[in-house]
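Those protein sequence lines, which keep their order, are chains A and B.
Position one of the first sequence corresponds to residue 1 (the working numbering), numbered consecutively onward.
Position one of the second sequence corresponds to residue 1001 (the working numbering), numbered consecutively onward.
Do not take every clue at face value.
Unchecked claim - Result set (EDC-like, lysine to aspartate or glutamate): computed pairs, CA atoms no more than 20 Å apart in a straight line:
#1 A/Lys82 - B/Glu1118
#2 A/Lys5 - B/Asp1506
#3 A/Lys6 - A/Glu79
#4 B/Lys1238 - A/Asp70
#5 B/Lys1272 - A/Glu79
#6 B/Lys1272 - A/Asp34
#7 B/Lys1367 - B/Glu1152
#8 B/Lys1122 - A/Glu72
#9 A/Lys75 - B/Asp1517
If you're looking for bench data, these hints aren't it; they were derived computationally from the structure.
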Amino acid sequence: MGAYKKEVWFTIIMSLLFLFSGHLGLFFSFFPVDGYFLGFPIMYIIPILSGWFGVLILVIVAGKIGNHIDNEIEKENQENAKIGGRGVV
Amino acid sequence: MENQVWQLSNPLLGIIVVFITFVVFYVVAYLSNRASTSVQDLYATKGGVGPITNGLAMASTYMSLATFLGVTALILRLQIPFVMLWIQFILAIPLITIIYGTSLRRMGAYSPTHFVRERYGKEASIIAALWMILVSIMYALGQMIGIAVTFETLLGIPYMTGLFVGGILIVGYVTIGGMSGATNNAAIQMVIMALMFIVPLGAIMKAMGGTGWFFPPLFYADMIPAMLEALPTFFDYKYPAKWYFALIPALTIGSLGLPHLAMRVYTSSSLKTARSAMIWFALALGLVFSATYAMGFSGVFFEYTTGIPIAPGDADKLTIILNLAYNPEWVTALVIAGAISAGLSTLSGNLLAIGALISQDIVTTLKPDLTNKAKVRLGYISIALGGLAAVLLAIKPPAFLIVSILWAFGLAGATNASLIIMGVWWKKANRFGAICASTISGIVYVVVSPFVFPKIVISGHALTDSMGLSGGMLAVPLSFIILIVVSSITNRIPSLMSKEAITENDGLVERIHGWSDINPQRYNSTFGALFITSISAVVFIWSMMPWAF
């Protein structure tokens, strides 16, 4: 897959994962559950944990993949320049 | 039981602590001043801020006075729905960074409107800038009122005196330090806020009998049974799923249009540090947000287990009330300093955004031949004018404080978010689409807010309408639909779109994504545009159907 497609899919998938992670309240409003986790009601503590640690994990992943895609775009730029490329920006 | 008066018995203590914090901020601003010689220095610190400082500054700018005052009050009033509303705010900087922040950083933009000008032209950028000024002033207004109210109710300083003295002091230190001073101050303010919020909360929990006082943000499960006995409905979601969904367009997408948040991404020294800053942002913000929910929980716990009622007018002071009830007065004085810090850091971000909008996006757009020195001077004057406007508007404050801040998110979403997001990811977005989307959606959002025409509202639920949740669910998707549809139509009229302009725009979109060539296959998806239009249409229609509270 080219760097462009990777960039687009990375942005779409990461955005959706971030939305899910920060909006678990919406998920539970559609699919309520009973029960407790770490002494708290699940529908209270899971959105809080996901909105903190879930987002934290995602930003670490997003940072790494984002840097990787930047490098790939740079690599493709160099390859395009070698073969003559299209109109230069 | 009679309502108690919640105030420091010795206001001098609070005044001394607040005075010391102001001195610290002035010294930091003075030392940070790198003699701004260009507008880029003033608004983006020459792009030289490291990840930890920037991450903390991002969190600090975002965590307004509302975290200390309004949020806990609304948790006291609404309980779980407001906790769920607040959780999603952490998404702002990560989403800004991955969706458009790094692209605009690559372009060298110092404000989102700078991008709008390059992408859509002068007319669109002036319209967007005018909306953003309204957004920033509404946001700044909430902070300014909060600071003056804090001075008045907690320290005994009259409202008008607090407003003018506070306003002048804040404008002074933002003007002295520019973005560089504001960034370093914001990072320090983040640490002050976290300490002044979390440590006293631990002491409060311990006094209430909680055993998890050593880490208050998450360790209060042992208080749950007593809470459920006192208030069995505390953990109920209360509102329909549609209410929780409306948070996405109104607040999550809305935050993508806030200029003072996006500007923090541009101050990073590189794209890599911008991405690393997200980590510090999420860590710091998650910590304080979780502590905020714990503070709200403790407030409800206090009211229902002790039987001491907190009057509706005192709800905003919940954090201070708990400290007055359980901690020594000097601790409460430090908490007040923390609350003032929270207001200051956000306000400084707002004022810098207003300065950039007035000086760069409006005056310089209309008069591009100004000298660099004149531009910097104009920047300083604009910052001061923005502060003055917020002070003057706060003389007769509206009845809502945090509500005005939340309302501003929806307005930013309706007027700016679609322009920036589609402008970065879809080459076919053009100036006609941008102008129509920003103007029409902005007007629709203002019209359906209860502050202008109280009878024209979407949900009929007072708080939902005044926070802009229902208006955002209507106007934000409308903005995407108008932008895509109008752009698609006008792109087919050759007399409206010159080939040069199209090539220039295509080049800009490619360049901000890091490409050095133009490929017509990239950022041109018709399917993507159709998909977004369809989703937006569904949300738009859903917003107008009955809300069933």
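Against the structure, the hints:
With a C-alpha separation of about 30 Å, the suggested pair lysine 82 of chain A and glutamate 1118 of chain B falls outside the 20 Å cut-off, and the hint is violated. With a CA separation close to 17 Å, the supplied pair lysine 5 of chain A and aspartate 1506 of chain B stays within the 20 Å bound. Restraint check for lysine 6 of chain A and glutamate 79 of chain A: satisfied, since their Cα atoms lie roughly 17 Å apart, inside the 20 Å limit. For the suggested pair lysine 1238 of chain B and aspartate 70 of chain A, the alpha carbons sit about 45 Å apart, so the restraint of at most 20 Å is broken.
Of the supplied pair hints, the one linking lysine 1272 of chain B and glutamate 79 of chain A is violated, its CA atoms being roughly 23 Å apart against a limit of 20 Å. The hinted pair formed by lysine 1272 of chain B and aspartate 34 of chain A fails the criterion: a straight-line CA distance of about 42 Å is larger than 20 Å. Of the pairs offered as hints, the one joining lysine 1367 of chain B and glutamate 1152 of chain B is violated, with about 43 Å between alpha carbons and a cut-off of 20 Å exceeded. Restraint check for lysine 1122 of chain B and glutamate 72 of chain A: the C-alpha separation of about 34 Å exceeds 20 Å, so the hint is violated.
Between lysine 75 of chain A and aspartate 1517 of chain B the CA atoms are separated by roughly 13 Å; this keeps the pair inside 20 Å, and the hint holds.
When each numbered hint is compared with the structure, violations occur for hints 1, 4, 5, 6, 7 and 8.
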